[in-house]
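> All chains, full assembly: derive it from the sequences and hints.
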Amino acid sequence: MVLTDQKPETSKSTPEPTSSTPVNGAAPRGSAKALPVGPELHLALKRWSWAQLDGVRIPAVGAMKETRGSIQIMRAGKPYLPVKWVQVKLLAGFAPSVAFEVEPFVMLSHKLCALEALVLNGVNGALCRYSLGYTLLTTADEVVTLHDVARFYWHLKDHTLSSSIATLKANLVICGGEVTYTAMLHQMNGVMEAELQEARAAIAKLSTLRSGASALSAEGAEGHRASV
Numbered sequence: 001m002v003l004t005d006q007k008p009e010t011s012k013s014t015p016e017p018t019s020s021t022p023v024n025g026a027a028p029r030g031s032a033k034a035l036p037v038g039p040e041l042h043l044a045l046k047r048w049s050w051a052q053l054d055g056v057r058i059p060a061v062g063a064m065k066e067t068r069g070s071i072q073i074m075r076a077g078k079p080y081l082p083v084k085w086v087q088v089k090l091l092a093g094f095a096p097s098v099a100f101e102v103e104p105f106v107m108l109s110h111k112l113c114a115l116e117a118l119v120l121n122g123v124n125g126a127l128c129r130y131s132l133g134y135t136l137l138t139t140a141d142e143v144v145t146l147h148d149v150a151r152f153y154w155h156l157k158d159h160t161l162s163s164s165i166a167t168l169k170a171n172l173v174i175c176g177g178e179v180t181y182t183a184m185l186h187q188m189n190g191v192m193e194a195e196l197q198e199a200r201a202a203i204a205k206l207s208t209l210r211s212g213a214s215a216l217s218a219e220g221a222e223g224h225r226a227s228v
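Residue numbers 1 to 228, in my numbering, belong to the letters of the sequence shown in order.
Simulated from the structure, these hints should not be mistaken for lab results.
Please note that a few of the clues may not be correct.
The following label-pair restraints were derived from C-beta to C-beta distances [as the list claims (entries may be wrong)]: (1) Arg200 to Thr139: 30 to 40 Å; (2) Thr139 to Leu172: 24 to 34 Å; (3) Gly93 to Lys205: 19 to 29 Å; (4) Gly77 to Ala183: 44 to 54 Å; (5) Ala194 to Glu40: 40 to 50 Å; (6) Met184 to Gly93: 18 to 28 Å; (7) Gln87 to Glu198: 17 to 27 Å.
Below 30 Å or equal to it, Euclidean Cα-Cα: the simulated BS3-like pairs (lysine-lysine) are [to be verified]: (8) Lys84 to Lys46; (9) Lys169 to Lys84; (10) Lys78 to Lys205; (11) Lys46 to Lys78; (12) Lys205 to Lys84; (13) Lys78 to Lys89; (14) Lys46 to Lys89; (15) Lys169 to Lys205.
For every residue, glycine included, the Cβ atom is placed at its ideal position computed from N, Cα and C.
As structure tokens, then:
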């Protein structure tokens with residue numbers, strides 16, 4: 001379910017969805033400036049970090065706040081992950097369509113700039129040996145924040161595991177007491193139950209962090225109004 005990040009057409013006809021990717025597009029960031037050279041380029045090539053989620057590591061850009069010269073086109077403050085790599089490393093094990101219950105948690109995407117694509121392609125080739133795919137990232141690709149990825153991923157995992165556990169329990173009822181079959185289903189169910197509890201704990205943690213951030217924002221707004 002994708003909303004392109006381009007301006008809507010003037011036609012009143014309803015646009016068709018472009019894919020089932022769980023991403024909503026944001027407004028474009030504008031044209032990329034010329035790539036930096038010399039010391040600025042060396043600094044830019046270091047402006048990435050590992051983002052980790054559920055034991056999986058994915059290279060991300062924008063995790064550093066420092067900006068200098070033309071490197072200001074890089075994002076600051078939050079890790080941003082390429083949508084393509086999120087699909088390869090985290091979402092490949094789930095159904096391609098987005099369940100209705102998970103739709104409220106789809107990710108908001110932003111277009112890559114040329115410098116970000118250069119940095120991430122270098123990391124994928126030199127350090128990851130193209131384990132994230134042989135297709136190079138371009139300014140036509142999109143990135144999403146680690147927070148958005150985590151929120152969508154854990155809710156998707158919760159929904160998927162809950163459905164799978166319900167199916168296993170239904171099979172336990174109809175298995176007729178066959179010992180080996182029953183033991184196998186119980187073992188599968190135990191693993192899924194543990195994974196489900198982990199997913200729900202992660203969701204609770206994200207909710208707590210969001211509530212805390214909202215409270216801080218509210219306090220800041222009150223303080224600003226009081227000082228006016």
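> Tell me the numbers of any earlier hints that the structure contravenes, in ascending order.
2, 9
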